[in-house]
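4 protein chains.
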Amino acid sequence: MEQNPVIAMLGRRLRLAVIGGGPGSFIGATHRRAARIDDRYEINAGVLSSSPEKSAQAGLEIGLAADRCYGQVEDLLESESAREDGADVIAIMTPNDSHYTYAMAALDKGFDVICDKPMTNTLQEAEVLHDKVMKSGLIFCLTHNYSGYPMVRQAKAMIADGQLGTIRLVQVEYVQGGKADESKPDPQESWHFDPARGGPSAVMGDIGSHAHHLIRFVSGLEVMEVAADIGAVVPGRVIDDFAGALLRFNNGARGSFWVTQAAAGVENCLRIRVSGTQGSLEWMQEIPQTLTFKPLNAPSQIRTPNGPGVLPLAKHSSRIVAGHPEGFHEGFANVYSDAAEAIAARRSGKQANPLCMYFPNSKDGLLGLKFIHSVIESSKTNGKWMRC
Amino acid sequence: MEQNPVIAMLGRRLRLAVIGGGPGSFIGATHRRAARIDDRYEINAGVLSSSPEKSAQAGLEIGLAADRCYGQVEDLLESESAREDGADVIAIMTPNDSHYTYAMAALDKGFDVICDKPMTNTLQEAEVLHDKVMKSGLIFCLTHNYSGYPMVRQAKAMIADGQLGTIRLVQVEYVQGGKADESKPDPQESWHFDPARGGPSAVMGDIGSHAHHLIRFVSGLEVMEVAADIGAVVPGRVIDDFAGALLRFNNGARGSFWVTQAAAGVENCLRIRVSGTQGSLEWMQEIPQTLTFKPLNAPSQIRTPNGPGVLPLAKHSSRIVAGHPEGFHEGFANVYSDAAEAIAARRSGKQANPLCMYFPNSKDGLLGLKFIHSVIESSKTNGKWMRC
Amino acid sequence: MEQNPVIAMLGRRLRLAVIGGGPGSFIGATHRRAARIDDRYEINAGVLSSSPEKSAQAGLEIGLAADRCYGQVEDLLESESAREDGADVIAIMTPNDSHYTYAMAALDKGFDVICDKPMTNTLQEAEVLHDKVMKSGLIFCLTHNYSGYPMVRQAKAMIADGQLGTIRLVQVEYVQGGKADESKPDPQESWHFDPARGGPSAVMGDIGSHAHHLIRFVSGLEVMEVAADIGAVVPGRVIDDFAGALLRFNNGARGSFWVTQAAAGVENCLRIRVSGTQGSLEWMQEIPQTLTFKPLNAPSQIRTPNGPGVLPLAKHSSRIVAGHPEGFHEGFANVYSDAAEAIAARRSGKQANPLCMYFPNSKDGLLGLKFIHSVIESSKTNGKWMRC
Amino acid sequence: MEQNPVIAMLGRRLRLAVIGGGPGSFIGATHRRAARIDDRYEINAGVLSSSPEKSAQAGLEIGLAADRCYGQVEDLLESESAREDGADVIAIMTPNDSHYTYAMAALDKGFDVICDKPMTNTLQEAEVLHDKVMKSGLIFCLTHNYSGYPMVRQAKAMIADGQLGTIRLVQVEYVQGGKADESKPDPQESWHFDPARGGPSAVMGDIGSHAHHLIRFVSGLEVMEVAADIGAVVPGRVIDDFAGALLRFNNGARGSFWVTQAAAGVENCLRIRVSGTQGSLEWMQEIPQTLTFKPLNAPSQIRTPNGPGVLPLAKHSSRIVAGHPEGFHEGFANVYSDAAEAIAARRSGKQANPLCMYFPNSKDGLLGLKFIHSVIESSKTNGKWMRC
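Chain order of the listed sequences is U, A, B and W.
The first sequence finishes on residue 388 if you use the UniProt record's numbering, and the numbering steps up by one all the way, no holes.
The second sequence finishes on residue 388 if you use the UniProt record's numbering, and the numbering steps up by one all the way, no holes.
The third sequence finishes on residue 388 if you use the UniProt record's numbering, and the numbering steps up by one all the way, no holes.
The fourth sequence finishes on residue 388 if you use the UniProt record's numbering, and the numbering steps up by one all the way, no holes.
One or more hints might be untrue.
A pair holds if it fits inside one copy or across any two, identical chains being indistinguishable in the list.
[Stated by the list, open to error] Below, a list of computed lysine to any residue pairs in the SDA-like style, where the Cα atoms sit at most 20 Å apart:
no., residue 1, residue 2
1, K384, G231
2, K370, V234
3, K380, R248
4, K109, G71
5, K315, G86
Keep in mind that the hints were calculated from the coordinates and are not lab data.
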């Protein structure tokens, strides 16, 4: 039995307050499950909805004490920072346009922050927020949860270990069908279809940002230049539903990037292939429990969580013996649990396990916004190559 | 956001005490995660080890209050039944030979019980325990967790719905490699290699009981007769490491059963195929997020959690939108969460969602022991067909 | 460019005469394609149907000269053995009950023989025919074509090379749905549904014989004892449509055997798993271009034709660079082409490549009939273990 | 048994002469096998090597008569056009830079032509050749063999049938590892590494042309504009080893294109996804026997050759019952056999089955060269969008 490092360091679980994720939210329940799986947090407070009544009701339903179901974010931050037993950490899972404001306010009050992606809607906000985080010394965790899957981390670790040699080629695609049905008009009332709330490029904010983080996380490279084409293939749509790009990396590697939410019938196909001088790695989110390693001049291999050849970062990210698939929630939980250990270490002055320090942070968020910005600019200028 | 039915019924989470699952246990942490994922339980008390010191230490490490880290099961049952805020439910995850004693004692004190499989080591104990459960009116949940996977439940629901017509053929295999390495002798100190503690047939208790439950759960049929061959393929081994059987079901369907823990390199391949007059279903635990449906005279289909065509029992068992794989823990959690709702309903006098009532119970445990008994008898008598 | 060994040895292609395979036959066109792919044969003569008119018409349609379209097998054998440019080899692809007669007659006339499986319908015939082949010195090739797939041969070669260590466990299943549709009665006029023509156990003759050959071919072991249950799951059916068996091999390994043609919606799922002390191999006919190797304590591997790690027997059985799948016809052609080289060597007094000598022969046919016989006897005697 | 349409129309097989494909050639033996499988051709003459001695030797080894093993292409064309029993069809499988000359010469003599891809090395040659073909009335078949796979044709047929609705998105990748090994320098003596012989973009000629044809063939759309980045990721390489492109189609659909031969360890991953308003289709060459259809709002399906739901074009392209995989050779043979029927129809004045008319032709070759030209131009001009 692995010891709970938060209890070991703090003598108690971290106290978490949630902003957003109330009725109708898919991501809210996911965040809360991710927080519970490894028992590093207890969820004590929240503003679950922008309607104070709904927020109170939803808070009771998820088991919050009545006096910690807040109607306003300001109240939550104020009260929880004042309480003896107040929250340590604020988790933000609201529509994109409010991430910046809530994160800045939480940092102002000295809370560590866990924030859904994209970090902000504009590059300028991202720069300010990242600067704030850096100066604060607080922990800021951005939930690019796909980097929490054990086999994604195995891929990162194998590449960092040199098992692929020098990286030459990177492909990523993130293909969904959630916006493919043209039989009814786009629901303009949903923030996902409203550029003012969802951000300047819906497809880039929703999934392109994940794809961008994933290739950086796995390859260890940075995207230097991008040439892109973005827009909507569904007639009359006001938001983007696809983005294609060609990539040039800081070491000269080249890449392909393709994301869309208009591929009818496709569920959640996030797929990556990274090729180096010594072999290629292939991973697909829909079967996250396997990683294919195709070495140069040797038989291809299927790597599995806690299977043979697993490196420490992947082992750290798996809970059970090989052959028992862990899924989306466990990957998400890896991000939460690693952030928890970092937060507990910060608060206790103790040392976190270095393997905990791979959760996405505000620098990742900033680079994500830079990439989105460059993709948009390239697409506007007839595919001109843009610096990222 | 789905409401938490336990909080809705009881105004609080269920209080869970755990027996077993301390240092070195794989299954203990799994049970506790399963209890936490859906927030229907709080874990308040435990005996985590047969050593009182280790038990206390381990209890603190998982965040129990010091006064509820017990050294003896009797103390736990006694104290927790006396406390105002005492446990509602006892979860048993000890070696097989103690399941019977602890379960009987817990039922005696009026606790609802969640128990790891196999229910008991002998058929006679199983009969007594099942009888006890029936008379008590308490909830008894047996953690045949593979029945908690959403696509296993989809298979069950499709068959119950008649989508396969009349079932004609059933195949199950459960193949592992955990006992394949012959380079060192079997660790006789481990209860898994000790017939006195692990039961009369190690492979049947460990995984054969899961395979048996799975085919009954999915097909809706009962095994009537079995002809079997069990034993050890690894030379000198004192426990069984394989069991093969031919099956005859109560409706005349025929089947094949094959389980082993000596298949070198195989991780956890539990696989089932059920064929009816209208089509076949295929499922494999290593990729639990897909179910293949091969209808008669129509293209084969891949069914996914929350994907199109999902029936209510599967929908009830999935948490997130299609394309985001849930894994082993979530399947295990489905069993825990359904039991929680049944327990809360019993305690509150309210009505549980009928979809919660598919968790394995003491009748399943009893039939599992009957099957194990018949397999052993058949193998002893040169493969003679035995009633189950 | 690989040289054509038949032309190299004989200065010409082998002349092939075909018996059977006319209108409505699936297997006839397959045999002829298999004979053509590697250009070791020219098809010059045939009796394609039991009706002389149909035979003549069908012969012309496949491009035979009019004077070599025979109406009777006797005439073909007589005339072709008398012609200067007469056939060298007779290929038999008629219903099962005539294999024995035609093969005996062809051997009598000194032809080498290629014969579809099962070799005969009875064990006694098989004994006589095998004896005849042995005494004749002629080549007899039995088209258990699945042994021709390159990855099946790779599996055999890896095991023969010791890469799996000592074999402990063997599983085979051959599951089809061709006889699953119960909406109309079985076509009694088809020889496949007539025990007098198709043999004593339809499912064993059709596919069980392939499964039996495959496990022997791959594992290098012999089945010593079998306990079986065979019959029909489709009500009212007069032939067998399933057979299940437990196996004991000559080295103590144990096995599972399951074949059926009544699994609705399943196409042609012939699947094998062999486990030894050093790892397991898994292969499935529906994706024959991959072989999964799961070594003990090392990552599992995907082996592909002409990919890294391929052994000489597999290399010999592949025509193109890795990544270009070869299929059913090429596997069938491997059997034909190897037999051709053996025949050319016999006729020229030259040496065949030893890698050609893995095509199934009359001994394989005889052991197949022994196995079928034992399966039937075991099933009749309540599952008693029978020697094979 | 399907009748041989060439024999039915001409009373004999077509006589084929081959140019190229001698010692060391992978593609030569493939062409010849493709020609033999369905028995529509006999191979009677050839120039197998640019060395007359090697050509004669190789011709004898593949069974040509000595007097039809030519040393020069001119001699072959001259003699075969003069012979009573001379060749009907010339198949060209030489290095790319000679396709134009040999094809023009063969058409001049009135031969029908089968030519390997790319059709020519320059756009100008392609225009002249296409014009020549159009004026000649002869058959010109370009061996974009991947369009011969039954499931590729099923995809085309489903889209043509409207089963995907309006096409919105197209993705293609063709990823190989054949040029990934950097441990030794590129073999400058090989024409594959020589721009003068292999053409202006090696990766586009080798595999990009296949990818381009495949998306046009399946989608039924034309690429209107392309923005591209091509070059070499392997340091010091003089030929291209990757090409990425963004695509805009004639109906407004968007696409992604990615081809490389420098992905270490990858075998032959040609993969396509086409999404329309009613669903998506996914196909991968390494498992060509399945086609995944993901309909909007319905479970995804696996389509197989001769399986349920197969449309006439796919049925026409499959030889055997479902579940028996056909591979690379059979797909290649479909192109040869369809061309044969078209040629026989032209020569006999009879009607070919319309399903035969889907083999690639000189217009496909011309559009391929236009695309390659535009990709190169776009890449040279910093990714500017170019008309195709």
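Violated hints, by number in ascending order, as checked against the structure:
Hints 2 and 5 are the ones this structure does not satisfy, whereas the remaining hints hold.
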